[in-house]
Amino acid sequence: MDLEEQIMNMIADGGEAKSRAMEAIQAAKRTQFEAAEEKMRECEEALTRAHQIQTELLTSEAAEPETVTVSLLMVHAQDHLMNAITTSDLAMEFIEMYKKMNTILSGKEK
Amino acid sequence: MIYITLVCAGGMSTSILAKKMEKEAKSQGKEVKVTAMSESAFKTYKEPTDVLLLGPQVGYILERMKKDYEPKGIKVQVIDRMAYGQINGKAVLESALALLKES
Numbered sequence: 001m002d003l004e005e006q007i008m009n010m011i012a013d014g015g016e017a018k019s020r021a022m023e024a025i026q027a028a029k030r031t032q033f034e035a036a037e038e039k040m041r042e043c044e045e046a047l048t049r050a051h052q053i054q055t056e057l058l059t060s061e062a063a064e065p066e067t068v069t070v071s072l073l074m075v076h077a078q079d080h081l082m083n084a085i086t087t088s089d090l091a092m093e094f095i096e097m098y099k100k101m102n103t104i105l106s107g108k109e110k
Numbered sequence: 001m002i003y004i005t006l007v008c009a010g011g012m013s014t015s016i017l018a019k020k021m022e023k024e025a026k027s028q029g030k031e032v033k034v035t036a037m038s039e040s041a042f043k044t045y046k047e048p049t050d051v052l053l054l055g056p057q058v059g060y061i062l063e064r065m066k067k068d069y070e071p072k073g074i075k076v077q078v079i080d081r082m083a084y085g086q087i088n089g090k091a092v093l094e095s096a097l098a099l100l101k102e103s
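Chains A and B are the protein sequences, given in the same order.
Residue numbering for the first sequence follows the UniProt record's numbering, beginning at 1 and increasing consecutively.
Residue numbering for the second sequence follows the UniProt record's numbering, beginning at 1 and increasing consecutively.
Calculated directly from the structure, the hints in this document are not laboratory data.
Ideal Cβ positions, reconstructed from N, Cα and C, are used throughout, including at glycine.
It cannot be assumed that every hint is accurate.
[What the hints assert, rightly or not] Far from chain A by the CB rule (all over 10 Å, computed), these chain B residues:
id: 1; residue: S13
id: 2; residue: G29
id: 3; residue: I74
[What the hints assert, rightly or not] Some chain B residues judged to face chain A by a derived CB distance under 7 Å, without partners named:
id: 4; residue: M12
id: 5; residue: Y69
id: 6; residue: G73
id: 7; residue: Q77
id: 8; residue: R81
id: 9; residue: A83
id: 10; residue: Y84
id: 11; residue: I87
id: 12; residue: A98
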């Protein structure tokens, strides 16, 4: 895998993680909590993949700095990853909130 | 002429794929124009679009985009994650053209 492909994969994985996290929130909004949990598992998997590429890039930069050229696209990939992490963290909070709302609305909580 | 529009968060990574797709179409002798832009830019985009492809990073807007653009006769699809990562212009072009044939 060349550098450009690594970066595109990081964007795709980071982006997919964000997509799944957003879909998890949408599922929780419809009170489909199992589906939401499943989406969050997929989100985690994608995040792990994106992280792995980031680690590879960091390692090769540390070992042979001349092999890694920093480009705008690479910065953009970092952007995507950061965004995905934030969205995933918040998605977990949102799902909890929707669960709580659902319990209150169905009158189970006194 | 077939018009394919690629949309992602900022239109940056999709523009790399768009270039590869256009190159592939040209080598196959097909009249295809591929344009990449951000989702917000697409809202005010006046040029024709036959197929609207979404980057995997904005996959979650698929339902909304389908609702907004399918009534206008635009086919909407999320780009395959693998093909996107490999910047496989050929695969993405083929799947877009196949989507058009379905109708």
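(Q) Holds or violated: the hint that R81(B) contacts chain A, with Cβ atoms closer than 7 Å. (A) This hint holds: R81(B) lies near chain A, its Cβ roughly 6 Å from the closest one there, short of 7 Å.
- Message: Take the shortest C-beta to C-beta distance between M12(B) and chain A; is it under 7 Å?
- Response: 5 Å, holds
Next item on the list: Please verify that hint: I87(B), Cβ, nearest Cβ of chain A, below 7 Å or not.
Entry: 5 Å, holds
How about G73(B): closest beta carbon in chain A under 7 Å, or not?
Check failed: Cβ of G73(B) comes no nearer than 26 Å to chain A, outside 7 Å.
### Message
Minimum C-beta separation from G29(B) to chain A exceeding 10 Å: can you confirm that?
### Response
Fine: 27 Å to the nearest Cβ keeps G29(B) off the interface.
Hey, does the Y69(B) contact hint survive, CB to chain A under 7 Å?
For Y69(B), the interface hint is violated, since the closest Cβ of chain A sits about 18 Å away, which is over 7 Å.
Please verify that hint: A98(B), Cβ, nearest Cβ of chain A, below 7 Å or not.
Hint violated; A98(B) Cβ to chain A Cβ min 21 Å, cut 7 Å.
Any Cβ of chain A at or closer than 10 Å to I74(B), or is the non-interface label fine? 20 Å, holds
Problem - Interface hint compliance - A83(B) to chain A, C-beta minimum distance less than 7 Å - result: 9 Å, violated
Q. Are Q77(B) and chain A close enough, Cβ to Cβ, to be under 7 Å, as the hint says?
A. Since the shortest Cβ distance to chain A is 14 Å, the answer is violated.
*asked:* So S13(B) supposedly isn't at the interface. Is its beta-carbon more than 10 Å from every beta-carbon in chain A?
replied: 5 Å, violated
- Hint check: 7 Å Cβ-Cβ cutoff, Y84(B) to chain A: Holds. Min distance 5 Å.
Against the hints set out earlier in the document, violations occur for numbers 1, 5, 6, 7, 9 and 12.
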